[in-house]
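A.B. asks: This is what each chain is made of:
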Amino acid sequence: MNTVLLAVVVVLALVLLISLLIILSRAWLTDRLLAVQLLGTLGVAILLVLAVVMQQRAFLDTALILVLLAVVVTAVFTHRQRGGKS
Amino acid sequence: MNLLDGLWGILDLLLVAVLLLLAMAAVLSSDRRRSMMLFIVFGLVLALVWARLHAPDIALAEAAIGAGLGGALLMATLRRDTHQQTDQFPQHPVVLWGAGVLVMVLGTMIAWGLFSVLPTVEQTWRKGAAVDAQLAFSGVSHPVTAVLLNFRAWDTLLELAVLLAAILGIRALGYVRSAYVTEVAFSQLAVWLVPLLILMAGYVLWAGAHSPGGAFQAGALLAGAGILLRLAGYSHAGLPTTRWLVRLGLVVGTGVFLLVGLGLLGWGQGFLHYPVAYAKWWILLIEMLATVSIGMTLTLAFMGGIPQKEAA
Chain A
0 MNTVLLAVVV
10 VLALVLLISL
20 LIILSRAWLT
30 DRLLAVQLLG
40 TLGVAILLVL
50 AVVMQQRAFL
60 DTALILVLLA
70 VVVTAVFTHR
80 QRGGKS
Chain X
0 MNLLDGLWGI
10 LDLLLVAVLL
20 LLAMAAVLSS
30 DRRRSMMLFI
40 VFGLVLALVW
50 ARLHAPDIAL
60 AEAAIGAGLG
70 GALLMATLRR
80 DTHQQTDQFP
90 QHPVVLWGAG
100 VLVMVLGTMI
110 AWGLFSVLPT
120 VEQTWRKGAA
130 VDAQLAFSGV
140 SHPVTAVLLN
150 FRAWDTLLEL
160 AVLLAAILGI
170 RALGYVRSAY
180 VTEVAFSQLA
190 VWLVPLLILM
200 AGYVLWAGAH
210 SPGGAFQAGA
220 LLAGAGILLR
230 LAGYSHAGLP
240 TTRWLVRLGL
250 VVGTGVFLLV
260 GLGLLGWGQG
270 FLHYPVAYAK
280 WWILLIEMLA
290 TVSIGMTLTL
300 AFMGGIPQKE
310 AA
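Here the protein sequences come in this chain order: A and X.
Position one of the first sequence corresponds to residue 0 (numbering that gives the first Met the number 0), numbered consecutively onward.
Position one of the second sequence corresponds to residue 0 (numbering that gives the first Met the number 0), numbered consecutively onward.
Hints are supplied without guarantee of correctness; some may be wrong.
[Claimed, not checked] To spell it out: a stretch of chain X is covered by chain A in this simulated footprint if at least three of its residues, at any positions, have a beta carbon under 8 Å from a beta carbon of chain A; those stretches are:
(1) 63-75
(2) 218-228
[Said to hold, decoys possible] Simulated coverage check for chain A against chain X, where a stretch passes if three residues somewhere in it have a Cβ under 8 Å from a Cβ of chain X:
(3) 0-8
(4) 29-41
(5) 45-55
(6) 63-77
If you are wondering where the hints come from, they were derived from the structure by calculation, not from laboratory data.
Glycine residues also receive a C-beta, built at the ideal position from the N, C-alpha and C atoms.
Please put together the full structure from these sequences, using the hints given.
C.D. replies: Below, the structure written as structure tokens:
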């Protein structure tokens, strides 16, 4: 069971690497923002499966914090893009 | 069993490759916004690496402060300046070569330091055992919190003092500029997310007693709520509008920590040597107030100065 889950983590990490390469090749900010969001989701997925494989409940909290604060970061970023003033 | 080891090996290699790629791309990029986004993702991947290294406490702190709040603060600094899109990093060859030599020297020193530390890793494990042996007298059941708030409480007090010094510097810069225009999308987002962030902050703070968590992570989550409120058009970002309440909030974490330490000194104990029976409650009080201070400090750091009404 653990072997299968670990294989899943490896595949997710591989997708992480590939999407990073795609981000680095894109010029558009919107593309990159979406790709960064994708990386965030992948990171959360990896943490969730790792929580089961490594039997660490705290990784669930880490994933939850990542999800919540990723929204804040995206909000700050998009606000900037629309010419918001501070 | 061999397959399992192989999979862990592949995972480690992939994470290292992603981390190195991100670091290089973030440093080499000439566009600051791009560098910043890559740096945020770097924080995220670093949190994964800490998790892989069986360090859930650092993973949690990295996710909350490094990837989450650090990113929002970095972007706030970009917003201050409208000319930043076009300006370039210094191109003068002397500057570039000087920086290169400096990085090489620093890198060599860090590598040398790491190699000299490696033989003492076993000693560190023994220190961990010493913490476990004393855990029953700390007032909490999580060894990291016991170290941060009891055995090495000095360090945490000084960290809070650094944060206080930083916000004093930011406030010296002047007033916060005019508030954001209210946007429906952001106010809806705030309605959903702010209660969740506050709830999560309370949970992370409480969890710190027996599992990874604590004041800094909880404070970062509170600041996340403050930043969202600010984006949603609340000019005070949920902070008190009265001047002295804001000041009190900023100081209370460091202040009460210090007062408790001095009080115990006057009581005939050592500085910050809590009596075993009450240790839990002192630690809880200090952590709660520190969370308030950290949350307010980081929110004000995002706003970048003294709120207008408070100044009036």
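A.B. asks: State for each hint whether it applies.
C.D. replies: Going through the hints against the structure:
1. 63-75: holds (count 8)
2. 218-228: holds (count 5)
3. 0-8: holds (count 5)
4. 29-41: holds (count 5)
5. 45-55: Answer holds; 5 residues pass the 8 Å Cβ test.
6. 63-77: Holds: 12 residues of the stretch 63-77 of chain A have a Cβ under 8 Å from chain X.
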